Amino acid sequence: MNINEIQEEIIEEFSIYDDWMDKYNYLIELGKNLKTIDTTHKTDEYIIKGCQSKVWIDAELVDGKIIYAADSDAIITKGIIALLLRVVSNNTPQEILDNDLFFIEQIGLKENLSPTRANGLLAMIKQIRLFALAYQAKLNA
Amino acid sequence: MNINEIQEEIIEEFSIYDDWMDKYNYLIELGKNLKTIDTTHKTDEYIIKGCQSKVWIDAELVDGKIIYAADSDAIITKGIIALLLRVVSNNTPQEILDNDLFFIEQIGLKENLSPTRANGLLAMIKQIRLFALAYQAKLNA
Amino acid sequence: MRLVFATKINNVSIDINKVRADFPILSQKIYGKDLIYLDSGATAQKPQCVIDAETEMYTHWNSNIHRGVHFLSNQSTDRYEKSRTIIKDFLNAKSEKEVIFTSGTTASINLVAHSLGDFCIEKGDEIIVTEMEHHSNIVPWQLLCQRKGAVLKVIPVTDCGELNIDAFKSIISERTKIVSVAHVSNTLGTINPINEIAQIVHNYNAYFVVDGAQGVQHGKVDVQAMDCDFYAFSGHKLYAPTGIGVLYGKEEILEQMPPYMGGGDMIKEVSFNGTTFAELPLKFEAGTSNYVGAYALGEAINYVNSVGVDNIEEYEQDLLKYATNKLSTIDGLKIYGTAKNKVCTISFLLDGIHHYDTGMILDKLGIAVRTGHHCTQPLTERFNIDGIVRASFTFYNTKAEVDALYDGLLKVKQMFS
Amino acid sequence: MRLVFATKINNVSIDINKVRADFPILSQKIYGKDLIYLDSGATAQKPQCVIDAETEMYTHWNSNIHRGVHFLSNQSTDRYEKSRTIIKDFLNAKSEKEVIFTSGTTASINLVAHSLGDFCIEKGDEIIVTEMEHHSNIVPWQLLCQRKGAVLKVIPVTDCGELNIDAFKSIISERTKIVSVAHVSNTLGTINPINEIAQIVHNYNAYFVVDGAQGVQHGKVDVQAMDCDFYAFSGHKLYAPTGIGVLYGKEEILEQMPPYMGGGDMIKEVSFNGTTFAELPLKFEAGTSNYVGAYALGEAINYVNSVGVDNIEEYEQDLLKYATNKLSTIDGLKIYGTAKNKVCTISFLLDGIHHYDTGMILDKLGIAVRTGHHCTQPLTERFNIDGIVRASFTFYNTKAEVDALYDGLLKVKQMFS
Ligand SMILES: Cc1ncc(COP(=O)(O)O)c(C=O)c1O
Ligand SMILES: Cc1ncc(COP(=O)(O)O)c(C=O)c1O
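Residue numbers (the working numbering), protein chains in the order written: chain A, 1 to 141; chain B, 1001 to 1141; chain C, 2001 to 2417; chain D, 3001 to 3417.
This is chain A alone, in the form it adopts within the complex:
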C-alpha cells in the first residue's frame, strides 16, 4: 500500500469510533505496543523536546526506503507516532516528500498538532521530512 492508501485505511479504521474515548483508548493501545526505540538512540541527539512530552526520532535507509524509529515518554503521543510510522516508514524518500499527511486532521486528532510546542509532534513531522530530504540528496549524489 502506498502512503495515501495507508492514510485512507487509518481514516477508515477510526471512522468506527464515534466516541473520543474509544479513539483515545485505541491510541493508548497503539502507544503501549509501539516498539520502544533503542536506548542508545534515546539521547539528546535524537530528542525533540516539547514543553510537555519528549519525542525521539531516528531513521535509516534500507534498500532505498526509509525506516523510521520513534518514541515518546507520553503514551498518547506514542500512539500517534505509531500511526505516523505506519504511514511513512518503508517508503522511498521521494514518496515521503511527495505526499501530504492528512490523516491526523481527518481522524480528529488535529489538536495534537497545535503549534504550542506541547508534545513535539509537529516538530517530529518536520523531522520526518528532513530525513527524507537528506536521504534523497544522498541518493541523488
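If you're looking for bench data, these hints aren't it; they were derived computationally from the structure. Errors might be hidden in some of the hints.
[What the hints assert, rightly or not] Computed list of chain D residues with no C-beta within reach of chain C, every gap over 12 Å:
1) 3030
2) 3164
3) 3350
[To be verified] Cut-off 25 Å, straight-line C-alpha distance, at most; resulting in silico cross-link-like pairs (BS3-like, lysine-lysine):
4) D:3411 / D:3220
5) A:23 / C:2029
6) A:49 / D:3148
7) B:1110 / D:3364
8) C:2018 / C:2220
9) A:138 / A:65
10) A:32 / C:2220
11) C:2123 / D:3413
12) B:1110 / C:2088
13) C:2268 / D:3153
14) D:3364 / C:2082
15) A:110 / C:2220
16) B:1049 / C:2018
17) D:3268 / B:1110
18) D:3411 / B:1054
19) B:1054 / C:2097
20) D:3334 / A:110
21) D:3097 / D:3268
22) D:3097 / D:3082
23) D:3123 / A:126
24) D:3029 / B:1110
25) D:3033 / D:3268
26) A:42 / A:126
27) C:2123 / D:3123
28) D:3082 / A:110
29) B:1126 / C:2268
30) B:1054 / C:2268
31) D:3250 / B:1054
Being a predicted model, the structure only gives us computed values, none of them experimental. Don't be surprised by glycine CBs; every beta carbon is placed ideally from N, CA and C.
Following the hints, put chains B, C and D with the ligands in place on chain A, whose structure we already have.
Relative to chain A, chains B, C and D with the ligands alone:
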C-alpha cells in the same frame, strides 16, 4: 470679605452665565486684565511647568498678610489665576491654610484642575499653600 | 509570627451561584461538556464587569491620557489615575507614587532587575532567589548577573515544598544586595513567610523583591506589613485583562533608581543636550500606557473587594482542604507541595502515568488543568520529575468540580492501566 | 524615487457613513455636542469588531497560551498565532519569526535599543536620529549612549518640515552603527523617504530602525520594499486596543541579538547552571503576552484591509488637501509642516493665541485636538515654539468635520481678539 465670602461672591457672579461661552469669555477678560508678573520674577525659579501652559507664582508677606502674584502664558489659565488671587491674596497664612478652595469646582471649571499636568494650575494651588505654610512657620519662629 | 494569609475557617460567606454567574466563560461548553476550569493559576477568568469596563471605555471614553486637554482625554486620564488609587489602597501602599503600571509581572521584575540592578549591583555582589521561582523571577536575575559579574544564589526547597529558612540564613551575607522571592509558589501553592524573610533581608541592608503573581489573588496583601521593597503582579491573574500589571516599590527607593525604558510621558524635558525625567510614578511609565487595561484592573479589584478578600481566602482554604482530602484517597496519586501554609493549588502525578497523558484525557472530559514544568524547571528538577499536573482553584470553583476532577482521574487511571 | 505612500487622486471609494457607523464612539456627545475627534494621532478609535473581539475572547476562549494542552489554551494560542500571521502579511515580512509582540512602539524601540545596543554598540560608536523624532525614539537612544559611551547625532529638519538628507549624508560615517527614523512625523505629518534613507544607511553597514507609530495606519507598509531592519508600531494607533504593539525585525539580525527581558515563554531550558533561550519570535516575548490584545490587533488589521489600505490612503489624501486649503484661508493661521509628502495631520498656531487656549475653546465646541509639544520637544524648539495645535485626521473623519474645525477656529479668534 474673608476667603469663603469671596468664593461665594464668585460663585454668585458665575451663576448668571448659563452658557459655557459666556463663562469663558469672562475668564478671558479676567486673564487679559490680570497684571502681569514682574519679568524679573518670570524666571525658572518661579515657574511651574505644565505640559501645555506655564505658570509663574511668587508671594510676599506684607503686614502679616500674603500678597500673591502669578502669571501664565495662556489666557484662560490666567483668568483662573485672577480668580484664585482674588480669593487667597491679602489673607494671613493661617486663613489661607484653614480654608478649602471650593469655588473652582462649583463654577464648573473643574476640568481645568485635572491632574494631567496640562496647565500647571493644580501645582500652583499646591504652591499657594506651600507659601502659606512657609510664612506661617516664619511668623511663628 | 503573623501569617500573611491567616486562615479562618468560619462560615463561608460567598454566594457561589452568584459568583459563577458573574463569569460568563464558566458556562462555556467544551466538547459538549461543562467547562471545569482548574487553570486559574495560568490566567484567571474575567467577570462581566471587567469585560464591560473595556467595552465601555472604547465605546465612550477612549482617548490617550495625560497630555490631552480635551474632554475625552480627561475622562480617560481620570479613570486611569483612579485605578492607581484603587490599587494603592488594595496593596496598602503609602502613595500613588509607589504604584507603577507595567505590562505584567515579568515586565515588573525586569524593570527592577534593570533599574535597581544598575543602581546597586557591582561585580561580585550577590543576588538570592529560591529554588521554587517561576522563570520570570530567575532569568532576569541571571541576565543581570551576567551583565554585572554578580553571583546568583539559591534558597533550597524542602521535601514538603517550603523554603529552607535556615539555609537562607547561611547563604545571605554582606555581599547580598537583592533577594527576590515568590509570595506564593505557582507550582506548589506554598505561601512563603514574607515577613520573616523581609526581616532577614533588611538586617543585611539588602533590597527585598516579592513576586506576587500568585499571591495577590488569594488573600489580603499589605505591602507595608510585609515590609517588602517591591511587589510585582499581573492583572490577568487577578481577573483583569491581559497586558497590564503593576510594580509596587517604596517611594524612597524608586526615587533613587534610574529610568528603565525611555519614551513619552516619563520625561520632564527632552533636549539633545540632556533630558530630565518625570516625577514618580510616570518616570517608569514610558510610552502610552495600557490605560484601558489599567482601568479594567481597577474594576477587577473593585469586584474582588465586593466579594471580599477575606471571604475569598476562607472559601478557597475550605476548598483546598476538601480537594486535598478527596484527591489523597486516589491510589497512586502523589501530591507535590504539602506546605502547612498554601493556597488552593494542587499539583500531583499519577503513578506511572505521564502528566501530559493525564492532562489530555482530563481535557476531553472538559477539565482544564495545566501540565508540564509550569515555568519552574529548577523546581521540577529538584523533585526529580519532568513535569506535573496542576489543578489551580479559585473562588469561582466548587466542590462539585473537585468531585469531577476526582472522577476524571479515576477514568485516567482506568484508561492507562 | 518611489514614494512610500504613493498618492493617487482617483474616485474615493470609502463608504464614509458605513465606516463611521463601525466606530461606536463617533456618535458620542461631548457637552451635548457631536464629538469631532481629530486626535487619532494620539490614539485611534476602535471599530465595533475590535471591541467585540476582546469580549468574545474573554467570554469564550480565554486561557493562557502556548504551554497549555487543554481546549481553551489551544483556542487562545491559535488566535494569537493567527494574528501574528495577519501582521506578517500586513507588513510583508518574510516569516512569522520576524513579528514580535510587544506592549507598544515605545517598548519595541526600547527592546531594540537594549538588545541591538548590547550586540553592536561600543564606546565612541555613533547613533543617528532626527530632529523630528518623538521622545520614544530619542530617549532610549540617549540612555543607550550613556550606558555605552556612544554619541548621538541628529539629522536636522528643514523649514517645511522635511529631513535634510544632504546633512544626513554628511553626518553618517563609518562610526555610525544605528540610524533610527520616524516613518511619519507625529507632529508635522511628514512622510520620510524611508527607501532612500535605507540605502544610505546600508551603504555604511549600519542598522536601520523605523519608528512606524504614525506610518502603519496611513498607507501600505512593505518592510521588504523599505528595506528597514526594524519597524516598530503600536496597536492603539491602528484601531486596536491599548497595551499591544509590534516589533518587526529581520530574522538574521534578531537571531544574533541577545534576549532583552527574561521570563516565561522566552526560554528553552532554565537551570541555575545555565539557561538557553527559545527560538524566534518567542525569544523576545517574555512572560504572558497580551494575547487578547494581539488577537484584537489581528482583527483591527482585518478591518483595515476590508476598508482597503489604498482606499484609506486616497481618502485621507483628499481630506488633507481639502483641510489644508480651507484652514489656510484663516487669517493669522500658520501651518507647521508643509512637506510635499505628508499624511493628514495638520499642526498650526493662530497668531497671538496660545495653543492651550485654542485647544480649550475647541474642546468646548466638541472638537478634540491635541495641543502642546506632542512629545517632540526638540522639534518644537527647532521651530521656536512652545507648543502647537494638532488636528490629526483619519479615514473616519469627514470634510464636514474640517468645516467644523474651521468654524471653531474663527470662534477662537473672535473670543481672544
Ligand atoms: C512617532 C511616534 N513614535 C512613537 C510613539 C510612541 O508610541 P506609544 O506611546 O504607543 O508607545 C508615538 C505615539 O505617540 C509616535 O507618534
Ligand atoms: C509565580 C509567578 N511569577 C511570575 C509569573 C509571570 O507572570 P506573567 O506571565 O503574567 O508576566 C507567573 C505567571 O505565570 C507566576 O506564576
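Against the structure, the hints:
no.: 1; hint: 3030; in the structure: 5 Å, violated
no.: 2; hint: 3164; in the structure: 15 Å, holds
no.: 3; hint: 3350; in the structure: 15 Å, holds
no.: 4; hint: D:3411 / D:3220; in the structure: 38 Å, violated
no.: 5; hint: A:23 / C:2029; in the structure: 21 Å, holds
no.: 6; hint: A:49 / D:3148; in the structure: 38 Å, violated
no.: 7; hint: B:1110 / D:3364; in the structure: 13 Å, holds
no.: 8; hint: C:2018 / C:2220; in the structure: 22 Å, holds
no.: 9; hint: A:138 / A:65; in the structure: 12 Å, holds
no.: 10; hint: A:32 / C:2220; in the structure: 48 Å, violated
no.: 11; hint: C:2123 / D:3413; in the structure: 63 Å, violated
no.: 12; hint: B:1110 / C:2088; in the structure: 24 Å, holds
no.: 13; hint: C:2268 / D:3153; in the structure: 21 Å, holds
no.: 14; hint: D:3364 / C:2082; in the structure: 24 Å, holds
no.: 15; hint: A:110 / C:2220; in the structure: 43 Å, violated
no.: 16; hint: B:1049 / C:2018; in the structure: 50 Å, violated
no.: 17; hint: D:3268 / B:1110; in the structure: 54 Å, violated
no.: 18; hint: D:3411 / B:1054; in the structure: 24 Å, holds
no.: 19; hint: B:1054 / C:2097; in the structure: 23 Å, holds
no.: 20; hint: D:3334 / A:110; in the structure: 62 Å, violated
no.: 21; hint: D:3097 / D:3268; in the structure: 16 Å, holds
no.: 22; hint: D:3097 / D:3082; in the structure: 13 Å, holds
no.: 23; hint: D:3123 / A:126; in the structure: 44 Å, violated
no.: 24; hint: D:3029 / B:1110; in the structure: 19 Å, holds
no.: 25; hint: D:3033 / D:3268; in the structure: 56 Å, violated
no.: 26; hint: A:42 / A:126; in the structure: 18 Å, holds
no.: 27; hint: C:2123 / D:3123; in the structure: 20 Å, holds
no.: 28; hint: D:3082 / A:110; in the structure: 16 Å, holds
no.: 29; hint: B:1126 / C:2268; in the structure: 19 Å, holds
no.: 30; hint: B:1054 / C:2268; in the structure: 13 Å, holds
no.: 31; hint: D:3250 / B:1054; in the structure: 44 Å, violated
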